[in-house]
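Residue strings, one per chain:
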Amino acid sequence: MIQEDIVRHGISRLVGLVPTLLMLITIAFFLIRVAPGGPFDSEKPLPPEIRANLDAKYHLDEPLIQQYFRYLGQILVLDFGPSYQYKDWTVNELIARGFPVSLTIGALAMVLAFVLGTLIGITAALRQNSWVDYGAMGFAMLGMSIPNFVIAPALILLLAVNAGWLPAGGWDWSIQRMVLPVITLALPVIAYIARLTRGSMIEVLHSNYIRTARSKGLPKRIVIRRHALKPALLPVISYMGPATAGLITGSVIVEQIYSIPGIGSYFVQGALNRDYTLVMGVVIFYGVIIIVLNFIVDMLYAWLNPRIRYDEGR
Amino acid sequence: MAVSCDGQGDGPEGGRSSRPQPVEDVLLDGRPIPSVLADEQVLIRGNGEEPQTLDPHLAEGVPSGHILRDLFEGLTTEAPDGRIIPGAASRWNISADGLTYTFYLRRDGAWSNGDALTAEDFVFSIRRSADPVTASNYGNMLYPIANAREVLSGELPTDALGVTSLDRFTLQITLTDPTPYFLNLLAHPSLYPVHRASLEAHGRQFSRPGNLVSNGAYMLEEWAIRSHIGLVKNPNYHGADDVILERVRYLPIEDQSTELKTFRAGELHWTYEVPNNQFKWLRENYPDELVVSPWLGSYFFGFNLLREPFIDSPDLRRALVLAIDRDVLTDKVTQFGELPSYNLVPPGVTDYEPAIPDYVSWTQEEREAEARRLYALAGYSAEKPLRVEIRYNTSENHKKVALAIASMWKQVLGAIATLVNEEWKVFLQNRDQQVVTQVFRAGWIGDYNDPHTFLSLFHSDHGLNDYGYSNSTVDALLQEISSERIPGRRQRMMQETERIIIEDDPILLVYAYVTRRLVDSRVRGWQDNVMDHHYSRGMYILKARSASSGRAKPVDVGGE
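Protein chains in written order, with our numbering: chain C, 603 to 916; chain R, 214 to 773.
In short, the hints are calculated from the structure, not lab data.
Mixed in with the good hints, there may be bad ones.
[Unchecked claim] With a straight-line Cα cutoff of 27 Å, these simulated DSS-like cross-link-like pairs (lysine-lysine) come out:
id	chain 1	residue 1	chain 2	residue 2
1	C	K646	C	K659
2	C	K646	R	K612
3	R	K623	R	K613
4	C	K689	R	K638
5	C	K659	R	K638
6	C	K646	R	K613
7	R	K613	R	K638
8	C	K646	R	K638
[Unchecked claim] Now the in silico label distances, taken between C-beta atoms and shown as ranges:
id	chain 1	residue 1	chain 2	residue 2	range
9	C	G737	R	K612	47 to 53 Å
10	R	L616	C	V752	36 to 42 Å
11	C	I667	R	T389	38 to 44 Å
Keep in mind it's a predicted model, so treat the numbers as computed, not measured.
Glycine included, every Cβ here is placed at the ideal spot set by N, Cα and C.
Please model the entire structure based on the sequences and the hints provided.
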């Protein structure tokens, strides 16, 4: 019965994905073209005949609406087209090569952030208003407020240039090159998760059913593990959906500073260069990831929180 | 047998730099002797952004140029000092009218897969470069070739292009106008040969490792997009015996300070650039590695002559030109060894004496006094000050310079300038449309080592004439220059053209660009040149001096 509810809920969410994506594609398609300038404008302007050759090659000489339907047709067969900026590559190839990199460091950062964040949060909650709590929350405040463009160069200077323990940047799938970017990405998330966990844990610990459990003489550790943990993690789980999406789709700043070939930069670079196909490809890809992750979070939520399940089941 | 020492390098003993110092470079017949060479001849070069493409005919931008010069070789190529020397062609004849070039290819010329490099390859390649279907954005480099414009615009078929093979190793190119810098153009990627068979077999993927067949000193070994591009020595290159570096790795590091840190961590031999704001620190800490040299570029601001207040206002423009102190701008504002400039063609252009306006010899006080006189003459005063916008694209450097210019105008003339910052493509569009601009950031990096690349910008019909500048004398002179064959006369005509342009003040010159980078002092076999073209094929890496001694490790050399 419960399984069925979750499945039905899931299917309705999946069906909702199609119009959302279509809307996303349409808005993005016209928005990027409204921006002044085009992909082939540069400091050295092209002679008109050469400009015409380029426009013809990329079908930019066609009416906009025709370009739009041409693009929709391409999307149906999952072909994002050639990048204007990286002319030897298709957008599919760029995403296929960049995403594993972003996914790896993003996922590692998320795991690190989840483990450390919840541990710190729970510890702080259990010793509320002690120096441990203040210390942990002070750290969390710092982690959230120091921007990564400050943290990252500082880490490089300290651990790569001065100590020589780790490489300063670059990418070759080795663990050494992942350490600094993962830490940089994880820090603010650790901090945020720690604060979330602490807050909700304190709230749960003060709720009646925990007090009941405690008064029945159950040891504190068991009460926390069996009864308090799941509800206390609910806000963390709902935060993790968008946070994971943010982490695995790459961060422009972290990629630039550590010179990592992820897909985060494509979004910004593509937009600045008016690389229409690249921007569109990345937008659609992000859209799908965010929708899918939100979907997973929904499912997890339903599993963790009986109240949602029953509401929908009725 | 000549034994000599390389003049460059060997900085002060016990310098503050913690980087490994090289042993003394010992040359024998112009080549370093084996005992001074590092065991591993792998050069790692920072290369700015990811190259847009490795297809030489589609390439644009500086990063791809660096890699393509290692991968391919045109009919001509450049020596380390930038001189044009024979490349794939071992020699050539130029007809008396300067319109027909006959190139004799090397008999030992070969592609990296061992195929012979023939005149037919060049015919195919140059036609491909001009083919509208290829859509090369450097097609204008081909303009001097007969019928190139018509082919590029699709009016004539590609075989109408003035390029023919006379026999297997002889190529003839006919030109529309005698173009004295034509041999320079041949070293540009848009005129490199491409391997027909692999292009036809692989299509868009022909520039991938394993597919790319090239004719330069190196061939493509790996390409991890936005991570690195690895080149390996091409054993079939005609000069392979003289190529010392076994491998070259290009790293696309976009962030200047990341690049600097990577260099400091010893993971890079050669940076693409250095952070703008760290000149003093670098000069103190990396005196042996910091290389600053003139670059073929001018940095200036343009006046929109089609819009108030600059329509018919020579006095006002001259006042604005004179009121700024370029020495202060380069010394205190940009602070990176840029050369203050008053004329258009930057220093370092071969065989050219630039036209220097007379106010260069004045003191800044004299310039400012004259500026105030002209400002008043143009009808402006403290009660009725000039109000003007300075427009620039987002960049810390442009902002600093624009701000400094605005404050100098305010201080000297009492003019009120406001700054307008625009995103790159928006800026380009506004500049091109000439409707909203007044004073705007401009500049030009030369495409070839000839004043013509700078002067032609001021032709009434030039695509980058965003100033709305039109002077029939200049147009006529430019026309004459392109058909003039006698170097001395051509030089004088170009000087006259430059003089007239500067006299008309369509632009406000600020400085001549310099290139600035860090180069590991063990890397040798390169020289400064205005084009900033540094081919890896002549470079080599010296052994590091043993760290403890601080003195040069004794090297076994006869004549030392």
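Do the hints match the structure? See the list:
1. For a cut-off of 27 Å, the pair hint linking K646/C to K659/C stands: about 20 Å separates their Cα positions.
2. A hinted pair counts as satisfied when its Cα atoms are at most 27 Å apart, and K646/C with K612/R qualifies at roughly 21 Å.
3. For the given pair, K623/R sits about 15 Å from K613/R by alpha-carbon distance, which is consistent with the 27 Å threshold.
4. Proximity of K689/C to K638/R is assessed by CA-CA distance (about 19 Å); at most 27 Å being required, the pair is judged to hold.
5. The suggested pairing of K659/C with K638/R holds, with an alpha-carbon distance near 21 Å, which does not exceed 27 Å.
6. With a C-alpha separation of about 23 Å, the suggested pairing of K646/C with K613/R holds against the 27 Å cut-off.
7. Pair hint K613/R plus K638/R holds up; C-alpha atoms about 20 Å apart against a cutoff of 27 Å.
8. Proposed proximity of K646/C and K638/R is supported: the alpha carbons are some 12 Å apart, at most 27 Å.
9. The beta-carbon spacing between G737/C and K612/R, approximately 42 Å, falls outside the hinted interval of 47 to 53 Å.
10. Remark: the range hint 36 to 42 Å for L616/R to V752/C is contradicted by a beta-carbon distance near 25 Å.
11. Range check, I667/C to T389/R: about 42 Å between beta-carbon atoms, so the 38 to 44 Å window is met.
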